[in-house]
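For the sequence shown, numbering that gives the first Met the number 0 assigns the number 0 to the initial residue and increments by one for each residue that follows.
These aren't lab readings, by the way, just hints derived from the structure by calculation.
Treat each hint with caution, since some may be false.
Said to hold, decoys possible - Label-pair ranges, simulated between beta-carbon atoms:
#, residue 1, residue 2, range
1, 282, 138, 17 to 25 Å
2, 310, 31, 36 to 44 Å
3, 217, 28, 21 to 29 Å
4, 337, 217, 35 to 43 Å
5, 27, 107, 15 to 23 Å
What the hints assert, rightly or not - Mimicking BS3-like on lysine-lysine, the simulated pairs with C-alpha atoms at most 30 Å apart in a straight line are:
#, residue 1, residue 2
6, 288, 70
7, 288, 33
8, 106, 70
9, 33, 106
The beta carbon of each residue, even a glycine, is placed where N, CA and C say it ideally should be.
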Amino acid sequence: MRVYLLIMVMAAVVTYLLVPLVLHTALATGAITKIRGRDVHEVPIARLGGVAMYLGLVFSFVLAAQIPYLKNVFSASSGAWGILLGAGTMCVIGVIDDIWELRWYAKLAGEILAAGAMAWFGVQLISVPFLGLTIGSQKLTLFVTIIVVVMVSNAVNFIDGLDGLAAGVVGIAALAFFGYAYFLTRAASPGDYTSVATAVVAGLVGICIGFLPHNFHQARIFMGDSGALMLGAVIAGASILVTGQIDPMHVNSRTAVPAYMPILVPALVLVIPLVDMVWAVLRRVRQGKSPFEADAGHLHHRLLRRGHSHRAAVLVLYMWTAVASFSAVAYVIYPHPILFPISLVAAVVALIVTARQLTTPQRPRRVLSRKLRRRRVVKDTHEQQNLGVAGDDVVVAIESEKRHSIRVEME
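Sequences and hints are given; from them, build the entire structure.
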């Protein structure tokens, strides 16, 4: 366990230290977010935070491969490097999209390429028993692997709409999944706790922790598609890789379900992103739009419209992610009947907290900011006409009030 914690901590430290360098590069290259109708932020923010996260992940992999405790499993498996290649491809696609905004079909083609690269290096759903059926053919295995990786990557990308939301949700989910992978390794390989999948997830938790101080409200930098797609690819790849770590001879009745259902637990762990994605696709198709056409109907948008502050909306989704992910993993690790009522109580508490917040709706921050700006424009224009203030001073005053209004957040 200490080795995995070391990987986690070092990934966090490296990512945290790299973010300012990436921020400077993003500002120098013009990789800045535009203000769109569906966006919550009101001033341009640098993107490309995902680059720092990916470099932190690379460092964690290299470190793990050099640790004697894990050196043998890393040298014997190409899965970790397949995940690194696929995640890197996703990151590059995201960087291109962050700067030049790719067409949805070009972006999807790149995502399929990244998922295919992971599969080429052995990150594949080789056998997934389900309802008595086994997915075993090579072509079907490749197809299912690509679908899973692309789906999870886009699910994470869909929720990346508020400061700290995607990094926090994935970090919480990955922490729960880390416990799942560690338990599965111990149960399937008694006396040997080495696992590539567990090391991968430890690095994933670390880069999320290292990025959050820069990204939580008010964010200095966004992870962009380069980060969201990469995070989804890593957690999808790690969940698939878990299957390859299991020796069927050591699987008993207690570990049969977690060992051979690598889709189930990640689906429960990532329930918030997946629900948001499915909801968004169905909503857009019903409206006659492309499933890839962005809108302002995501869960976080709805929470804001119902009165949550920016931070409150993020924390509510953190809470639901923790309830779903840790409940799912707890049942796998300790399948006791008492867990169901405990999970039910946790869900009810989360629902009460969410509903209580919604009983006192507040005006969205964007509306307040616009009102303040309009008031300032009228005031400064009047002063300009009567006092002869230069036009440039009016612009400065408006921008100053704009920055002030962003800080006036209704908690």
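Going down the list of hints, with the structure as the test:
1. 282 <-> 138: 17 to 25 Å: violated (32 Å)
2. 310 <-> 31: 36 to 44 Å: Violated, since residue 310 and residue 31 (Cβ atoms, about 23 Å apart) do not stay within the stated range.
3. 217 <-> 28: 21 to 29 Å: Taking Cβ atoms as reference, residue 217 and residue 28 lie about 22 Å apart, which means the hint holds.
4. 337 <-> 217: 35 to 43 Å: holds (42 Å)
5. 27 <-> 107: 15 to 23 Å: violated (30 Å)
6. 288 <-> 70: The given pair, whose Cα atoms are some 49 Å apart, is violated under the 30 Å limit.
7. 288 <-> 33: Holds, at about 22 Å.
8. 106 <-> 70: violated (35 Å)
9. 33 <-> 106: holds (19 Å)
Checked against the numbered hints above, the structure breaks hints 1, 2, 5, 6, 8 and satisfies the rest.
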